[in-house]
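Number of protein chains: 6
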Amino acid sequence: MGRYEEFTKFRQDMNKKILEQGTFEIKRFFGIDERAYHAGILDAKTKELMGLAASLVLRCDDCVNYHIVQALDKGATNGELFETFTVSLVVGGSIVIPHLRRAVAFLEEMGERIGASSGAGSKG
Amino acid sequence: MGRYEEFTKFRQDMNKKILEQGTFEIKRFFGIDERAYHAGILDAKTKELMGLAASLVLRCDDCVNYHIVQALDKGATNGELFETFTVSLVVGGSIVIPHLRRAVAFLEEMGERIGASSGAGSKG
Amino acid sequence: MGRYEEFTKFRQDMNKKILEQGTFEIKRFFGIDERAYHAGILDAKTKELMGLAASLVLRCDDCVNYHIVQALDKGATNGELFETFTVSLVVGGSIVIPHLRRAVAFLEEMGERIGASSGAGSKG
Amino acid sequence: MGRYEEFTKFRQDMNKKILEQGTFEIKRFFGIDERAYHAGILDAKTKELMGLAASLVLRCDDCVNYHIVQALDKGATNGELFETFTVSLVVGGSIVIPHLRRAVAFLEEMGERIGASSGAGSKG
Amino acid sequence: MGRYEEFTKFRQDMNKKILEQGTFEIKRFFGIDERAYHAGILDAKTKELMGLAASLVLRCDDCVNYHIVQALDKGATNGELFETFTVSLVVGGSIVIPHLRRAVAFLEEMGERIGASSGAGSKG
Amino acid sequence: MGRYEEFTKFRQDMNKKILEQGTFEIKRFFGIDERAYHAGILDAKTKELMGLAASLVLRCDDCVNYHIVQALDKGATNGELFETFTVSLVVGGSIVIPHLRRAVAFLEEMGERIGASSGAGSKG
Numbered sequence: 009m010g011r012y013e014e015f016t017k018f019r020q021d022m023n024k025k026i027l028e029q030g031t032f033e034i035k036r037f038f039g040i041d042e043r044a045y046h047a048g049i050l051d052a053k054t055k056e057l058m059g060l061a062a063s064l065v066l067r068c069d070d071c072v073n074y075h076i077v078q079a080l081d082k083g084a085t086n087g088e089l090f091e092t093f094t095v096s097l098v099v100g101g102s103i104v105i106p107h108l109r110r111a112v113a114f115l116e117e118m119g120e121r122i123g124a125s126s127g128a129g130s131k132g
Numbered sequence: 009m010g011r012y013e014e015f016t017k018f019r020q021d022m023n024k025k026i027l028e029q030g031t032f033e034i035k036r037f038f039g040i041d042e043r044a045y046h047a048g049i050l051d052a053k054t055k056e057l058m059g060l061a062a063s064l065v066l067r068c069d070d071c072v073n074y075h076i077v078q079a080l081d082k083g084a085t086n087g088e089l090f091e092t093f094t095v096s097l098v099v100g101g102s103i104v105i106p107h108l109r110r111a112v113a114f115l116e117e118m119g120e121r122i123g124a125s126s127g128a129g130s131k132g
Numbered sequence: 009m010g011r012y013e014e015f016t017k018f019r020q021d022m023n024k025k026i027l028e029q030g031t032f033e034i035k036r037f038f039g040i041d042e043r044a045y046h047a048g049i050l051d052a053k054t055k056e057l058m059g060l061a062a063s064l065v066l067r068c069d070d071c072v073n074y075h076i077v078q079a080l081d082k083g084a085t086n087g088e089l090f091e092t093f094t095v096s097l098v099v100g101g102s103i104v105i106p107h108l109r110r111a112v113a114f115l116e117e118m119g120e121r122i123g124a125s126s127g128a129g130s131k132g
Numbered sequence: 009m010g011r012y013e014e015f016t017k018f019r020q021d022m023n024k025k026i027l028e029q030g031t032f033e034i035k036r037f038f039g040i041d042e043r044a045y046h047a048g049i050l051d052a053k054t055k056e057l058m059g060l061a062a063s064l065v066l067r068c069d070d071c072v073n074y075h076i077v078q079a080l081d082k083g084a085t086n087g088e089l090f091e092t093f094t095v096s097l098v099v100g101g102s103i104v105i106p107h108l109r110r111a112v113a114f115l116e117e118m119g120e121r122i123g124a125s126s127g128a129g130s131k132g
Numbered sequence: 009m010g011r012y013e014e015f016t017k018f019r020q021d022m023n024k025k026i027l028e029q030g031t032f033e034i035k036r037f038f039g040i041d042e043r044a045y046h047a048g049i050l051d052a053k054t055k056e057l058m059g060l061a062a063s064l065v066l067r068c069d070d071c072v073n074y075h076i077v078q079a080l081d082k083g084a085t086n087g088e089l090f091e092t093f094t095v096s097l098v099v100g101g102s103i104v105i106p107h108l109r110r111a112v113a114f115l116e117e118m119g120e121r122i123g124a125s126s127g128a129g130s131k132g
Numbered sequence: 009m010g011r012y013e014e015f016t017k018f019r020q021d022m023n024k025k026i027l028e029q030g031t032f033e034i035k036r037f038f039g040i041d042e043r044a045y046h047a048g049i050l051d052a053k054t055k056e057l058m059g060l061a062a063s064l065v066l067r068c069d070d071c072v073n074y075h076i077v078q079a080l081d082k083g084a085t086n087g088e089l090f091e092t093f094t095v096s097l098v099v100g101g102s103i104v105i106p107h108l109r110r111a112v113a114f115l116e117e118m119g120e121r122i123g124a125s126s127g128a129g130s131k132g
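Protein chains in written order, with my numbering: chain A, 9 to 132; chain B, 9 to 132; chain C, 9 to 132; chain D, 9 to 132; chain E, 9 to 132; chain F, 9 to 132.
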């Protein structure tokens with residue numbers, strides 16, 4: 009199981025536990041956290057890139073990875089991601105750089121995964 | 009002189025002083041801070057909304073006001089701004105709310121200003 | 009109109025505007041933000057003091073003032089508030105001090121207000 | 009040696025080195041950091057839960073784990089911990105979630121450990 | 009009474025109240041907060057500039073002003089202050105800029121005050 | 009390959025990728041991020057210690073390690089580093105402690121490395 013699969017499994021397992029034991033407010037919060045990125049007046053890709061910028065300046069690696077996956081899924085290109093990185097770096101300064109390095113490593117890993125699966129003729 | 013004019017004047021006066029006395033790096037930083045929001049692969053409005061989201065979660069009122077002005081100038085609607093507020097509130101939590109209140113007050117002030125000036129047949 | 013009344017009025021006016029124009033998610037968030045402090049397994053005073061500590065370390069003056077009002081309303085004493093300040097100061101360090109100064113000034117203002125109104129035989 | 013033992017050993021070893029080499033101010037700080045959570049007007053459990061909330065909104069995993077251990081030791085129940093998580097999540101927003109996932113994983117690990125040791129008739 | 013005098017008076021009055029009502033830990037913290045900037049292996053000016061950089065990236069205006077006063081008192085020049093601003097801006101990003109503007113405005117106010125008083129042949 | 013070599017390799021590889029794919033603004037930012045620590049009116053060691061203090065209060069482990077390496081290279085002593093830690097701890101509070109523990113562990117690792125290489129008669 010690769011690093012991405014491990015993270016995804018941990019994420020799912022723990023979210024499940026949180027929602028099982030969680031209070032009404034926690035459950036509600038998880039609901040609006042999902043809905044906030046649905047297409048509305050702004051499209052879903054724009055919202056994911058916005059979530060990515062917010063996550064980068066707040067320096068939350070897991071959040072960054074999550075929004076990269078979602079943004080790619082909504083059709084974001086590398087060019088769009090790097091312009092999002094640019095705004096985040098300028099707003100947040102050099103302390104964003106270690107998170108940017110990890111974001112670029114993760115993006116590359118995602119690219120290889122997508123490349124591999126599209127080579128196999130399917131995005132699945 | 010209104011609150012907005014006062015803030016703008018202070019901002020311009022101080023930026024001038026900073027650039028006069030500032031180091032090479034400070035000047036360069038001010039340069040890329042401006043360029044980062046220029047239209048590229050992503051359009052300028054999207055970048056301003058992204059800057060607004062980053063500013064809200066980092067809770068910087070002056071930055072929030074600045075990006076609201078710029079986003080309105082690039083054609084952002086109230087609906088788009090409120091969806092940006094939504095992502096920011098969900099990412100950043102209730103500590104964003106006091107900044108959101110000031111953002112909405114500022115947005116209203118801007119709306120009246122634009123309304124007044126377009127009533128006079130001119131935006132310039 | 010005093011400083012506290014002004015803040016309260018601004019807060020109410022802006023919350024009203026936010027809820028009128030806000031998205032579904034913003035409204036839901038405001039709902040759970042209120043519910044999170046209701047008595048549950050932990051009593052309401054403990055939750056307010058907890059919200060106060062979180063607000064102090066995140067350095068949000070409006071949030072600090074709000075939780076001071078709520079904590080006093082739930083029966084918190086000055087002694088309990090100062091122990092909450094202690095934990096917050098130790099966790100958050102000297103950058104908490106300016107917020108602590110404003111918190112103590114606000115607490116004093118609230119004390120005089122409560123003193124005055126109870127002298128008049130009524131809290132309402 | 010499990011993950012918890014490893015962390016505890018690293019923590020103790022490094023605290024020892026810090027106190028050996030540290031300045032007067034560092035030593036004093038470590039002293040008041042311990043004292044701040046002693047029972048006073050507020051009981052020790054409440055202070056630990058407060059420290060937990062502050063640590064969660066500041067997103068410090070080691071601090072979160074430490075306060076979970078201390079809170080459990082002072083008799084905090086899962087229900088009380090989840091209400092503390094609720095306040096923290098609402099105050100700090102979705103960027104708290106990755107830390108909440110790790111907190112719940114750690115809490116579970118602690119629960120199994122306590123379960124195991126109480127099964128053996130002793131808490132040690 | 010000018011802005012600086014007002015701030016200084018508020019600061020002194022509130023510190024007095026905090027120390028009167030404060031817990032043992034709060035008093036101790038205030039003690040080490042003062043001692044941390046005393047000359048040691050590093051001289052006092054360097055420590056004040058370090059405190060200034062830390063305050064700028066954490067975006068605490070009162071702390072910034074305090075360390076500017078102290079650094080000037082320990083002989084820091086405008087050139088040294090602007091190099092400190094440079095490191096802070098690069099580390100902390102554009103959200104530092106509003107605080108930098110206020111820092112430069114405050115520094116100018118201090119310069120005029122010092123200029124005026126030395127013109128009068130006295131600093132006291 | 010040790011932990012330090014691994015981190016350095018990852019850092020270099022990712023910086024290379026960022027600069028290859030990065031926007032004009034990202035490249036410029038990396039340029040001023042390097043220049044900001046060059047000797048000017050303040051010497052390079054002082055600037056690195058300042059960068060270290062800023063990194064500690066912002067709780068960025070990679071940044072802390074980087075500035076420790078640079079500060080040692082510019083001749084900083086353990087005593088100077090611990091006084092920098094002191095200011096950082098007092099400004100940033102107990103949430104800095106986990107980062108301080110990792111900083112001290114890293115500093116020790118660096119000390120052994122330097123000790124080993126100077127035993128071999130060379131620093132290069």
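Quick caveat, the hints were computed from the structure, so don't treat them as lab data.
Please note that a few of the clues may not be correct.
Repeated chains share a single entry, so a pair holds when one copy, or any two copies, can fit it.
Derived lysine-lysine pairs resembling DSSO-like cross-links, with alpha carbons at most 30 Å apart [to be verified]:
| id | residue 1 | residue 2 |
| --- | --- | --- |
| 1 | K82 | K25 |
| 2 | K53 | K17 |
| 3 | K25 | K53 |
| 4 | K17 | K82 |
| 5 | K24 | K53 |
| 6 | K35 | K82 |
Computed from a predicted model, the values in this text were never measured in an experiment.
We went through each hint and held it up to the structure:
1. K82 x K25: both (28 Å within a copy, 24 Å between copies)
2. K53 x K17: within (24 Å within a copy, 33 Å between copies)
3. K25 x K53: both (29 Å within a copy, 24 Å between copies)
4. K17 x K82: Within one copy only: 22 Å inside, 32 Å across.
5. K24 x K53: both (26 Å within a copy, 27 Å between copies)
6. K35 x K82: both (25 Å within a copy, 26 Å between copies)
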